[in-house]
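I would like the entire structure built from these sequences, with the hints used as guidance.
As given, the protein sequences belong to chains S and W, one line each in that order. Here the first sequence is numbered in my numbering, starting from 1 and rising by one per residue. Here the second sequence is numbered in my numbering, starting from 1 and rising by one per residue.
Derived from the structure by calculation, the hints contain no laboratory data. Here a beta-carbon is modelled for each residue, glycine too, at the ideal position from N, C-alpha and C. Treat the hints with care, as some may be off.
Distance ranges between label pairs, derived from CB positions [said to hold, decoys possible]:
| id | chain 1 | residue 1 | chain 2 | residue 2 | range |
| --- | --- | --- | --- | --- | --- |
| 1 | S | Leu66 | W | Glu65 | 31 to 41 Å |
| 2 | S | Val13 | W | Glu11 | 26 to 36 Å |
| 3 | W | Ser81 | S | Gly32 | 14 to 24 Å |
Simulated pairs of lysine-lysine, BS3-like, Cα-Cα distance not exceeding 25 Å [to be verified]:
| id | chain 1 | residue 1 | chain 2 | residue 2 |
| --- | --- | --- | --- | --- |
| 4 | W | Lys19 | S | Lys2 |
| 5 | W | Lys19 | W | Lys40 |
| 6 | W | Lys10 | S | Lys40 |
| 7 | S | Lys40 | W | Lys2 |
Number of protein chains: 2
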Amino acid sequence: MKVRVNVMLKEGVLDPQGKAIGHALDVLGFHGLGEVRMGKVIEIEVPAQKSQDEAASLGEAMARELLANLVIEDFTVEVLS
Amino acid sequence: MKVRVNVMLKEGVLDPQGKAIGHALDVLGFHGLGEVRMGKVIEIEVPAQKSQDEAASLGEAMARELLANLVIEDFTVEVLS
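Next comes the structure, spelled out in structure tokens:
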């Protein structure tokens with residue numbers, strides 16, 4: 001069983017990587033795009049005997065303790081079977 | 001309408017960032033985890049008049065041209081409303 005934690009900068013926090021990607025896409029011919037934001041995704045293999053809920057709360061605990069900087073980042077947790 | 005492109009290293013490609021995160025989680029008390037892999041996620045605001053399918057194929061085109069290095073990375077595209 002896998003847990004996927006998505007970490008994105010909060011709305012309003014400047015995202016220079018996203019800006020650079022948006023500019024590069026425009027140069028490549030992808031015009032008319034709006035905001036581009038870049039984040040990170042961490043996939044963690046958790047013990048298979050955990051339930052969906054246990055896996056989700058484990059993912060949330062790991063995000064809070066290490067994976068996300070809650071001052072500037074938001075996270076979401078998905079459980080993949 | 002938003003397109004989310006998830007880019008992960010292919011299976012078998014060494015992922016030192018994932019390894020470092022896995023080690024740090026173990027030190028923090030999250031024992032018994034399996035493989036940890038880290039990737040990136042890019043969220044792109046696309047024009048609202050596009051259909052789901054158009055948005056998905058636009059996301060795939062952007063991933064192939066810029067966002068993913070197909071030699072070492074795989075990507076998935078999701079359309080968020």
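Status of the hints after comparison with the structure:
1. The hint said 31 to 41 Å for the Cβ distance between leucine 66/S and glutamate 65/W, and at roughly 33 Å that hint holds.
2. Judged by the Cβ atoms, the range 26 to 36 Å given for valine 13/S and glutamate 11/W holds: they are separated by roughly 33 Å.
3. The beta-carbon spacing between serine 81/W and glycine 32/S, approximately 18 Å, falls within the hinted interval of 14 to 24 Å.
4. Pair hint lysine 19/W plus lysine 2/S holds up; C-alpha atoms about 16 Å apart against a cutoff of 25 Å.
5. As the CA atoms of lysine 19/W and lysine 40/W are separated by approximately 15 Å, the hinted pair is consistent with the 25 Å bound.
6. Simply put, lysine 10/W and lysine 40/S have alpha-carbon atoms about 16 Å apart, close enough for the 25 Å limit, and the pair holds.
7. Annotation: proposed proximity of lysine 40/S to lysine 2/W holds, straight-line Cα distance about 17 Å (limit 25 Å).
Of the hints listed earlier, there is not a single one the structure fails to meet.
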